[in-house]
Each structure stands twice: as C-alpha cells, then as structure tokens.
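Novice: Listed below, chain by chain, are the residues.
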Amino acid sequence: MLDRKPRVGVFGLNRGSTLAKNGRPAGLEFVAACDKNPGTFKYMKGIAEPDAVYYTDFDDFIRHDMDAVILANYFNQHTEFAIKAMKAGKAVISECTPAASLAECVALVEAAEQTGMKYMLAENYPFMRGCAEMARVYQSGILGKVVFAEGEYVHPMSSGEFLGISPGKNHWRRHNTKIHYITHSLGPLLYMTGAKPVRVNAETVFLKDHALELYDTCEQRAAVEEAGIMLIQMDNGAVFRISGSNNLAPHDNWYRLACTNGSIETVRGNNGRVILDYGAWELPVGVTESHRIYDAQWDELTDLAINADHGGGDFWEMYKFMRYLRYDEKPYFDVYNSVIMSATAVMAYKSALCEGAPFDIPDFRDRDIRKLYAEDRFTPFPDYDTGEGKTLPSNAHQDLFDAALAAREAAKA
Amino acid sequence: MSTDRPRIGVFGLGRGCDLMRKVNLCGGQLVAVCDRIPSKLSRAEEYMAPGGGYYVDFDEFIQHDMDGVIIANYFNDHARFAVKALEAGKAVMSECTAASTMADCVALVRAVEKTGGIYMLGENYPFTASSQELRRIYLSGRLGKVVFAEGEYVHPMSSNGILNIAPWMNEKDRELYDNGAAPILHWRRWLARTYYSTHAMAPLMYATDLEPRDVSCLAACIEEEAEKDSRFAGDGAAPMLVGMSDGSVFRVAGSCNFGPAGTWYRLACTKGGVETVRGNRPMIRMNFPDDRPTPGVTVTEQCYTPDFPEAAELAKNAGHGGGDFFVVYNFIRTLRDGMKPYFDVYKAVALSEMAIMGWRSALAGGVRFCLPDLRLESERVKWENYTFTPFPNNETGEPPTMPCCTRDIKTNYYGDIDPFEAYKARVAAEAEKAEKEVK
Chain R
18 MLDRKPRVGV
28 FGLNRGSTLA
38 KNGRPAGLEF
48 VAACDKNPGT
58 FKYMKGIAEP
68 DAVYYTDFDD
78 FIRHDMDAVI
88 LANYFNQHTE
98 FAIKAMKAGK
108 AVISECTPAA
118 SLAECVALVE
128 AAEQTGMKYM
138 LAENYPFMRG
148 CAEMARVYQS
158 GILGKVVFAE
168 GEYVHPMSSG
178 EFLGISPGKN
188 HWRRHNTKIH
198 YITHSLGPLL
208 YMTGAKPVRV
218 NAETVFLKDH
228 ALELYDTCEQ
238 RAAVEEAGIM
248 LIQMDNGAVF
258 RISGSNNLAP
268 HDNWYRLACT
278 NGSIETVRGN
288 NGRVILDYGA
298 WELPVGVTES
308 HRIYDAQWDE
318 LTDLAINADH
328 GGGDFWEMYK
338 FMRYLRYDEK
348 PYFDVYNSVI
358 MSATAVMAYK
368 SALCEGAPFD
378 IPDFRDRDIR
388 KLYAEDRFTP
398 FPDYDTGEGK
408 TLPSNAHQDL
418 FDAALAAREA
428 AKA
Chain E
1180 MSTDRPRIGV
1190 FGLGRGCDLM
1200 RKVNLCGGQL
1210 VAVCDRIPSK
1220 LSRAEEYMAP
1230 GGGYYVDFDE
1240 FIQHDMDGVI
1250 IANYFNDHAR
1260 FAVKALEAGK
1270 AVMSECTAAS
1280 TMADCVALVR
1290 AVEKTGGIYM
1300 LGENYPFTAS
1310 SQELRRIYLS
1320 GRLGKVVFAE
1330 GEYVHPMSSN
1340 GILNIAPWMN
1350 EKDRELYDNG
1360 AAPILHWRRW
1370 LARTYYSTHA
1380 MAPLMYATDL
1390 EPRDVSCLAA
1400 CIEEEAEKDS
1410 RFAGDGAAPM
1420 LVGMSDGSVF
1430 RVAGSCNFGP
1440 AGTWYRLACT
1450 KGGVETVRGN
1460 RPMIRMNFPD
1470 DRPTPGVTVT
1480 EQCYTPDFPE
1490 AAELAKNAGH
1500 GGGDFFVVYN
1510 FIRTLRDGMK
1520 PYFDVYKAVA
1530 LSEMAIMGWR
1540 SALAGGVRFC
1550 LPDLRLESER
1560 VKWENYTFTP
1570 FPNNETGEPP
1580 TMPCCTRDIK
1590 TNYYGDIDPF
1600 EAYKARVAAE
1610 AEKAEKEVK
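These protein sequences, in sequence, are chains R and E.
Heads up: the first sequence begins at 18 in the working numbering, then just goes up one per residue.
Heads up: the second sequence begins at 1180 in the working numbering, then just goes up one per residue.
Since the hints were made in silico from the structure, they are not lab data.
Just to be clear, a hint being listed does not mean it is correct.
Taking lysine-lysine pairs in the DSS-like style, the calculated list, with each CA pair at most 27 angstroms apart, reads [claimed, not checked]: (1) E:K1324 <-> R:K429; (2) E:K1603 <-> R:K388; (3) E:K1495 <-> E:K1519; (4) R:K429 <-> E:K1612; (5) R:K429 <-> E:K1263; (6) R:K407 <-> E:K1612; (7) E:K1615 <-> R:K407; (8) E:K1603 <-> R:K225; (9) E:K1618 <-> E:K1603; (10) E:K1519 <-> E:K1263; (11) E:K1526 <-> E:K1324; (12) R:K186 <-> E:K1603; (13) R:K407 <-> E:K1618; (14) E:K1603 <-> R:K407; (15) R:K347 <-> R:K38; (16) R:K186 <-> R:K407; (17) R:K347 <-> R:K213; (18) R:K407 <-> R:K101; (19) E:K1263 <-> E:K1526; (20) E:K1612 <-> R:K225.
This is chain R alone, in the form it adopts within the complex:
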C-alpha cells in the first residue's frame, strides 16, 4: 500500500509521453524521464513534475528515486530493461511486446519471481469501451461458454506513414513479421474469457508483386508479407482466430465471442458499439430481444477515459497500474499472462515457418518448461543500435521473396 501518488519514470518518450499524459489523470506522478534522444524531452512538458529529472542513459535513470517505470522503448527491446528495472527495485509497466524470444520470456518470468517486483503489461485494447462491455457480458455467464472467438488488429499504412514511424534499417517495424504484434488481437480475448492458449498454427500471406512494391517504396524493408492468421486452441477447448498487425484494408480492430448460448462482438468499423445476440431458444429469463445493437460504456470514470488515447485504453491501463502500485490490486496482465502472448506469437511464427505445423505453447509458470526454452533466442528482430540478434527471416515465405528478387534482378540483367 502506498499512501501517496506513485512516483513514476518514463523510458522512451515517443510513445511514453502519451502514456504519461494518460497517467496523470489516473493518479500517477512523473518524476523522471529517459530517452537516448534529448530532443524528445520536450514531449513531457506539462506532464512531468516541474522538478523532474531527464536522462539519456537508462542505467543512470533507473537509479532515480521512484516507485515504478513505464517502458515504452522499441517494441522488441523491453525485456532487458524490464529486468534491469525490477533488479533496481522498481515496479514495471511494459509496453507491448513483453518479450521478443522464448529465452526472454523465461528471463522475464524469473526476474519477476526472484525480485518479487510488480510487473504489468501495458496492453490497452482490452479496456476500450466495446471490449470492456464484452468482458462484462461474457463474465456474467449469460452467454454460456465461449466456443470460437476472433480478434484482429488491422493496421495498413501508406509507405509515407510507414517510413515516418520506422526510422533506420534496424527499426523493429521494418522487421516486424505479420505475426509478432498479436497483443492487441489476443489480449482482449484473454481478458474477456480468462482462457489460456495451449496450441497454435499459423499461415502468412505473401503476394509477390505487392511484396516487391513494399520493398521498393519502403527503403528495402525486411518484412513484406501482407497478413498473419492464427488458429489457437485454448485450455477450455475453444478455438480463437487472431491476426497480427495485418496489412490489409481497411484499418480496424474487431472482437467477437461466439458462445454456446449466444454471442457478443464489436460492430465492424465502430468498436465503441456492440452486437449482442442470443440463440432463439436460449433467451435468458427477462430478455425479450434476441438481437441488440448498442453503444458500450464503461461502468465508471467515463469522464476521465472518454477522451483518452486508444479509445480510452491508455487511461485504463495507467489507472490499473496505479491501483496495483497503491492498493495491490493485481492486474490481469501480470508477468505470466503477458509472456504467454509473446510465447504464442513466437510459436505461431515457428508454425508459419514450418508450413503450418501446430506448436504447443509453453506455460512459463512451469519451471521445467522454462529449462527447455531458456536458450531459445530465435527472433526476427535485430538490436536497433548494433543490428545484431536477428536469427529468423521477417517473412515466413522468405524463400519465395528471395526468388522474386533474384528473378527481377535476372530480368534486369
């Protein structure tokens, strides 16, 4: 228990300043910030305390007198800093993804256990209005048990937009497979249902001409596939269909729970509204409409969340972190429920590389399981600064892409 506002530092001030902006009304106080680029310090103006201290070196930053840190650096480089922070006695809220390899999943879980520090994933989509309503309705039990679910995060970008937010040849977005960014697809479904992934198979979509166009117009980006589609077997027998950050049209996110007695889903193209349906013979007592479409709303704090970023999700994840720090209210996305999403992504990508072979998803609560994966460092991401560490191609159909490039070169010759 803390009897004051938690003092928090922010690492990575592009995305991090947005989280901090949403964290202030949630009851957090920002006393330090860190970014290797001092030009970003200005983003914290009006958000951080007037006497906040700014750093360009993480090791200096993490020694600052504070309770917790927000990690909002590169997508694939959170684990190392989360471990350092916990070892320095700081609670952590980490942006997605928690870990970029299975070895990192193991290391993160063990660091959280050994230090006893609080760890939470900053996955925001479960707390958008539509998702929050789906969670409320499903958890009421009125729909029975989930049989099939869908979650997707579709984020196409023009080449200009892509290059604008992906500076440098080692930037994670240039190497991001169409499978690894699954937290916005899977996270809400896990939060709603409490089910755990146990097995996955996946396919990616490679379209030769479009891949060559992406390669040419985006400074030879490594990842040129269009979509990654996954089927996941859950521990309750259900099957979930999810996608990574797919490059298809239009831009949207969508969630659906199809259950034994009915279904609930967000309206396609308007994720603040939901559709609730019951099977005609499964109408609950007192319910007269078998089909209903309505605007979803949070149960509380609407005035604070309504204008927050990512449909209110950024406020809610900060608020839940504050409640964790001050009142020990455990978040759903603790270290175990966080790394299982990273593990699902890694195994799904292995599946796509192996022509759709199904892979079991390790549950890192099990210490024996950890031993099997402690050295599994396979990842499609390089380190931003050194370019090292990339051990997998960024396309499951890399052979087809290499052949397409070679054929084009041969034709030119």
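On the provided structure of chain R, position chain E as indicated by the hints.
Specialist: Structure of chain E alone, referenced to chain R:
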C-alpha cells in the same frame, strides 16, 4: 445436350422437394421422382408432368427417360448415386456435399471424365444477391488482390430442432423405415464439423475465382457441452485456415454450433474490403482505407442492399436467399443452353477435399495438409482407396472409420519430431548449398 425444356428427375424428397418446386419455374419439366419412403412420393404430384414416374428404387428411377437428375438424398451419400446417374447417361446436379471420402472424390471425377456427362454441384449460397455482388465487386478490380477472407455457415439447433431433421426418437419417422435402427445412422448426428463447409467456402471461391490448395484446422470441443449433445459429433466448431491458389488465406467454418445462426462472407484486400453486414446478410459493406485514396472513390465506407443481377423477380422469393432458384436455373441452362456450370466436378470435389482433409487436420491436432489436385490421374491413384469417413453406412449400418468428434482425441501428429528442428536443418542445408555454389 440441347432441349427446349429439359426433363428432370429428383432423387430424395426431403430437401429435394425445395429444388423440385423450382424445376418447372426455371424452364425444365419434372418427369420423375424417387424416394425410398413411398409416402413422400405424393409430394411431387402437384409439379409432375403428365405420365411422370414415381419410384422407390434408384436403379429403376435412373432408367426413366429424362435428361438430368437432381441428387438430394442424404448429405454423405451423393457420390455413388451421381456415378450411377452419369453411367446411365443422365446429367447430374448433386446437393452438397459432392463426396464424403477421398475415394468417392476420385470415383466421381473419373466417372465424369469417362462418361463425358454433365456434373454440377447444387451449392446455393454463392447465388444470393449479396454473394453475387461480392463477385461483381471483387472481379471489377477496385479492391486490389484478396489477402484474407472469411466465410462461415453458423447453424446451431435446439435439441428439438435436431430431432426433427435428424430423426432418432421421432416415432412417426421411425415407423417409415423397415429397420428401426436406420434413423440412428442419420448423417446429422455424425456430422464432423468441417464436412458441411460448402456454404462457407463456395461463395468465396465464386467471388474470387480461387481454389483451395491446403488446409489446417483446430476443432473447438467444450467437453461438458459435447456430453450434453444428442449428436455423436459434439464439437462446437472446427474453423479451418485454407491456403488458396494465389497464396491468400481464407478462414472458413461450416455448420458451427454456436449462437446466433447466420452466414457471413468477407474479402479483405490490398486496396479495400467488402463483406456482408454481420447479422444482415442481404446488405453489403464496402470500405477503402482513407490514407490510400483509390481513384474514383470519394467515400471510404458504403453500405447498401444489392439486387440480383438477373431473374430478380423469380429469385427473390426462392429459398436460401434466392440461391435455390439459381442452382436449378443454372442446371436447366446447362442442359438447355450448354452453359458451363461454375461448380463443375473439379471445384465440387475441391470443396469436399477441403472438408475431409480439414477434419484429418483437426484429428491430427492442426497439421496442415495439401489438397491433391484431382485433375491429375497421378494424384487420383494415391487417394482412390482412401475411404475413411466419420459417417456410418446408411444402408448397412457399418460403423464410421474415423471419429466424428475430437473429444478425447489428443493426437500429436509429429510424435517426437520437432518441426522447427526440421526447418532449421533445411535452412542450414540450403545455406551450405548456396555457399558451395558461390565457391
């Protein structure tokens, strides 16, 4: 074959009645019917041409002087009757599914090629107004290339609903059979969840002109629900990921047992998306991304209710959203005008293969299987004896040869082989080979 009013026979007067009623309307003439339950034959009287034939035996029926037959008997038992009909010189329109085993797929293709007869699958969902609109839009090229698509046929039923159309406890139906055990064999009780997928996939094939190439599937079995189910096939759903002939991936699911009932189709493409509106099948929703303007497009989202491109007055009151009209209409035109049916025998068996191999995948824990191209005799030889089926034999009562439910199935297809180790070995070997070539 060309005749002013093709003479049509109908086999199976349960579902067949719906199609039979369209025959005269579509320019054919109903000249014979057949059902093994004699009391059903009177259902045809109102539509039958003078001097028409009524049969309880298929072998006698198929000798009737007619041009084509509509095969509408039990779902899993179409292929052998289609083959007999082709061999008797009759054109065939078969209800779904075309074949329920790989061996039947092979036999069907061979029969069509050997006899030179006409074969058409009576798959109706591609011909609703909205499905035809999906095809019109996609083939216009405005949306670019399809990347991902979804198609599903969700058909949950109450316990009473199942009993009514899958007779078991219904004494009235039981009396109709010589053998009281026969109703227990009804296909709906054994319907593994991938098998009834034509309504899910066929509209996507029709919209895009693509064909399935590989499939993987995970089945959803909620054990306590399966325990309660009056069917042997107790899975709630078996969604499949299907790799298509151009590299795109389609997610399809047939005959899902969750709420609410409905169908849904979606094409997500490189330049935009089009889909039926969820919960409102006649409506279409079309989208274009606002950050990548498409020439000639001024709005990024459009919702509307399309009409049929032809024969709207005749189709609008027909069953299954007009689809029942169009399948019979197309069959008549095939016979009368020489029109080629879209769902010819190759596309028909591709749909069956997807269902069969999809179920094989589900039983193997999600392994991806390639679908053999049965245009090739070399592939047919490999599969001509693959008779595994989740259905019991309708006539003999022989039990199924594979499970129809994944409950208690814990198969790991790969055993001790780690596919990722195999992948790494392959990549290493390719690297070594490339290095040698460079040297």
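Novice: Looking back at the numbered hints, which does the structure fail to meet, lowest number first?
Specialist: 5
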